[in-house]
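Since chain R is already given, all that's left is putting chains W, V and E on it; use the hints.
Here is how the chains run, residue by residue.
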Amino acid sequence: MIFHIGSLLLVIALVVSFFGTVVGYWGGRTRSANLAASSFHAVYAVAGLVLAAAVILWYGLLADQFQLAYVWNHSERALPLFYKFSALWGGQAGSLLFWTLLLSGYSVAVALTFRTRQAALMPFVNATLLITSFFFLVLLVFSVHPFEQYEFRPADGQGLNPLLQNYWMVIHPIMLYMGWVGLTVPFAFAVASLLSKKLGNNWVRIVRRWTLIPWMFLSAGIIMGSQWAYMELGWGGYWAWDPVENASFLPWLTATAFLHSIIIQERRGMLKVWNMVLVWLTYVLVILGTFTTRSGILESVHSFAQSDVGPYFLGFLILIIFSFIWLLFDRMPLLRSESAMDSVLSREAAFLANNWLFTGIAFAVLWGTFFPMFSEIITGQRISVAAPWFNKVTGPLFLLLFVMMGIGPLLGWRRTSANKLREQFTWPLLLSLLFALVYWLLVSKQFYPMMGLTACLFVTATIVQEFLRGVLARRAATGENPFTATWQLMRRNGQRYGGYIVHLGIVLIGAAVIGNQFYVQTTNVTLAQGESADLAGYRFTYNGLSAEHQDNRVEYRAYVSIFADDGARLLRTVSPQRNVYDKNPDMPTSEVGIYVLPSEDLYVVLNGWSENSATFSIFVNPLTLWLWVGGVLIVLGTLIALWPHPRRKTVPAPAGVPVRA
Amino acid sequence: MNRVIHLLRLTLLLFVFLALGQPLYAQDASTVTADQVNEVARELWCPLCSGVRLDGCELKACDQMKDEIAIKLAAGDDTESIKSYFVTQYGPQVLGEPPRSGFNLLAWILPVAVLLGGGLFVLTRGRSMMQDIRPAPVASSERPVPDDDYARRLDEELARHD
Amino acid sequence: MTWLSLAIGLIIALPVIAYVARPLFTPARLLYATDDSRLGDLLARKDTVLSNIKEIEFDHQTGKLNTEDYAQYNQRLRGQALSLLKRIDQIAPGAGDLDTQLEAAIAARRKVAAAPVSDAAAATAASVTEIAGTDDATTKQATEAGGAKEVVMQRSASFCHHCGAPVEPGDRFCRACGTRLREE
Amino acid sequence: MTEMTRLDEQPAVSHAPAEDVLTPEKAAHQRRMAMWRLIIVGVLLAFVAFLVLGLQRQNVSQQRASGMAPDFEFTTFDGEAISLADLAGQGVVLNFWASWCDPCRAEADLLEQTWRREQNNGITFIGLDYLDQEHAALKYMAEYDITYPNGADIQSQAARSYGIKGVPETFFISPDGKIQSQVIGPIVSQADLDRRLDEIRP
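Protein chains in written order, with our numbering: chain R, 1 to 661; chain W, 662 to 823; chain V, 824 to 1007; chain E, 1008 to 1209.
With the rest of the complex left out, here is chain R (with noise of 0.2 angstroms):
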């Protein structure tokens, strides 16, 4: 009965959505406060409604209602409570259910933060933000059915799929989700700003907010996915360039290259055109991106359950492609760069190289990716794209970028002159120069790794610069003492510090995957209780095997003593572990036994065991700590860059806003 009306409160939401979309494009058109109104009220009604949706669905799985095809299929009554909550995004119908929820929930922010500014274009916001909901309402209802019911009532559920029982697999999705899903608030702006044609600095700024968000979410929902690959799959990575990962990335990398070249936007005017499509591309790319993962178009480790939503995402996405691409035609004349560059030795330059390498490697990751299908349709042999080639590709872009990024900082707007050059980079320069001798003789020979840590130390070197003129420059203008100088610094310009500490973010995160692809050293051993095998100075011994039944498995764990100093100094025991489950017993799942060292994490995965010995993979990964170091640093930045402006609180919002006529 309660199903039944989750599946009319969808119904109900998607006529809703529909008529949202039409009145509020006709509202916008007609510049009708009333239609405006409605559309805001279309807007808090759906999402309302979804939440209900939702609620009764969450209701489902946490009593149990086996009835309930999705929470037969993903649940069971052993399930932990916790991942019985999070299983509303375990499967197809429910995780779209969530997608909508998501999206309604930015929908209502978007339209309480903007309900009396921005006059002219919100009925076109809510207008492109309902259409979306309406979308996804349709494949809800027509399509993959959440609320579909069997005849009677099984005893119990099939469980959720083992790899997903996990904390990581429980918050990480909420972020990428919330990253993707933020993505169409942008989107939505400039399909308004184009429509409206109130294409001024109006709208860029809200954008740049609005990107921001979603940007630290698809950043940390990005990183997380890495913490959980690397602590669960148990091969020693975090990434593997798979098509479900590249559908998370791509969407970054455009998302990432947008929020450099808004600035330009912002500052001088230029790049109105670009900055349209980069918007649009990025959505595009998310909405291909959760195409891909849900229609199996790709075949992929993470894929979703095969299922007849592909026609549906196909439809919707020729709608947003051509659409767009008409309107932004139509507006072309509207969008003339209001100033130029002065020279390539100037920070706009900078960003248009920025641009060129993300776009670069965003059109490459996307090639790569979809590829093996066009491969397949056209010779119809079928070849993989793995890492091997991704890492060829993107590579020397990626240590570009990483150059460009230790440059770009030390270039002021419009021009830098020759002595001003030099003066910003003699210091960086020769301590690179000097660390890229010392770790040539003393490290390793080899070159892209020296290449690449030489350019992290330099992007390091030229932020501290940064801080430290900075800091100076302030303390000689106003007498502050350092660290109110800095507090100050980062309060009033924290676009551009916030900036460069999401950048110190990168760097270690590139510092880490360096260590990570060039010096990782890896064993396989099979050992007999009380053995022992050496890797990288330290010693691992087995010491046993328990089992033990919690909930809904049955976990085995190997207890393995780490020493140093060969065996002589006991680090840590550690214990790799692997969970069978009791309704998935042929996908057992794996924990990694770690001892996190500043300098590399010392890592066990249990691969199986016979009555008195057991098999190992060992690997020495150098500084991983820090690719997680560099995912909080990255979200830090943001939020400083995010934090309001101590002056500029309000903004005046110049558009217009309702008149009592």
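Keep in mind that the hints were calculated from the coordinates and are not lab data. Since the structure is predicted, the reported quantities are computational estimates derived from the model, not experimental observations. Hints should not be assumed to be uniformly reliable.
[Stated by the list, open to error] Within a straight-line C-alpha distance of at most 27 angstroms, the following computed DSSO-like cross-link-like pairs (lysine-lysine) qualify:
| no. | chain 1 | residue 1 | chain 2 | residue 2 |
| --- | --- | --- | --- | --- |
| 1 | V | K909 | V | K877 |
| 2 | R | K272 | V | K877 |
| 3 | R | K272 | R | K197 |
| 4 | R | K583 | E | K1172 |
| 5 | R | K445 | R | K392 |
| 6 | E | K1146 | R | K197 |
| 7 | E | K1185 | E | K1146 |
| 8 | R | K272 | E | K1033 |
Just chains W, V and E, lined up with the frame of chain R:
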């Protein structure tokens, strides 16, 4: 009763894992260590999954592939010939990258071509954008003398603006 | 699907439809009075130019711009800013102080936050903030509607007694309407 | 001053510039723009077309249950070359399997026994070994004493043209080369197998 079933399952699993852990044809390949096998397996990709490297793959099919590698290593084959054996058996999808020939060459060429083309485009556009603005720096005498009132207002606004 | 659940669905749908459609049955209004957003655009642009001036100043201080370049750009940007200020004044005399009003509003709000003030003062601050978010036509209208009068009552020292535009401490004439200001 | 004039030149946003005079450069510029637009739209169209094709291909391989059986050739583990075309006039049971596939074991004996019963009744059994190694495959065949022609499906070509979803998967091909039925997963009942065999008897 439950416990019995549980124990039964446990022993069954132990057996399965034992079977997984041990090479099936250890007799000829016993001298080859797992590390030597993985050295080769690292350059091959599971043909059944996408994007999973052979040394990290836990499918039984992949374990058999690793056994095959051990046999071939014991027979004195080198990495390249083992790789090419698997390519002829399973097709190029066991390599992590498209072969550099025929249509698949496009996988390698296009990103580079697009990147260079894009770079060229940005460069020419940037240059033409710069030529637009190049005219000589503004001579101050050309500028109309701003009335003090506005200048003062500007200074005030600037002082507030930071 | 039972009749009962259909009925319940209908019961849910009706209020939702009523809620969404209600604004359509109120007297027709326009979203914004004119389609002219030039003032808003100019204000935003002025803000950008001011940021740019600050930015190159900072670039100069941190040694990224040499003094000649800085002087030249600074001059150019100031020229732009001045011309913008003038054009803002041309389009909407007295709107240049929109920004100033905003300042006042924030200041008032800060005061409210800092010390417990009467509810009336808080309400005033809120209404001023609302003004800050409007374009010229609405500003005038809101001013007429009395929002600014309250402001005058609240902080008489800083606003013109005639038109309500804010004035700087040293001013003898109102910049918006030209009225001679009363001496305190 | 350039920037200033540019600022001043900005159209009042809502009105497009009303300069309709076409100078030659302007015309050339417009032609270039038109060309670029065409290219962009063309590339996007091509991409979308590929997505449509990809989706279709995937659907086709999912629903391939009937129709003409694609031809294939293979070499048995004994070194004999066999192609489907050679077997015209006989009913063919085409079974995809692999030695690493546990469910395959459930049907191995049934298939072998039925083959022994039917081999003189105009029905041929063929086993194609999917993504497997010869050593392991031979051991598996010895274990179940499999005698019908078996060979490796080199580069999974047959598997791809039949669009199999996994192993085991079995196709029943009539003497005139049509796929009569298809079983995904192991065949466990003799009755079911016999019923399907009856459909393809010559």
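These are the hints, each one checked on the structure:
For the proposed pair V:K909 and V:K877, the alpha carbon gap of about 20 angstroms is at most 27 angstroms, so the pair holds. Straight-line distance between C-alpha atoms of R:K272 and V:K877 comes to about 23 angstroms, which keeps the hinted pair within the 27 angstroms bound. Restraint check for R:K272 and R:K197: the C-alpha separation of about 13 angstroms stays at or below 27 angstroms, so the hint holds. Restraint check for R:K583 and E:K1172: satisfied, since their Cα atoms lie roughly 23 angstroms apart, inside the 27 angstroms limit.
As the CA atoms of R:K445 and R:K392 are separated by approximately 19 angstroms, the hinted pair is consistent with the 27 angstroms bound. For a cut-off of 27 angstroms, the pair hint linking E:K1146 to R:K197 is broken: about 73 angstroms separates their Cα positions. Taking the CA atoms of E:K1185 and E:K1146, the gap is about 33 angstroms. The hint is violated against a cut of 27 angstroms. Restraint check for R:K272 and E:K1033: the C-alpha separation of about 21 angstroms stays at or below 27 angstroms, so the hint holds.
This entry does not satisfy hints 6, 7, going by the numbered hints stated previously.
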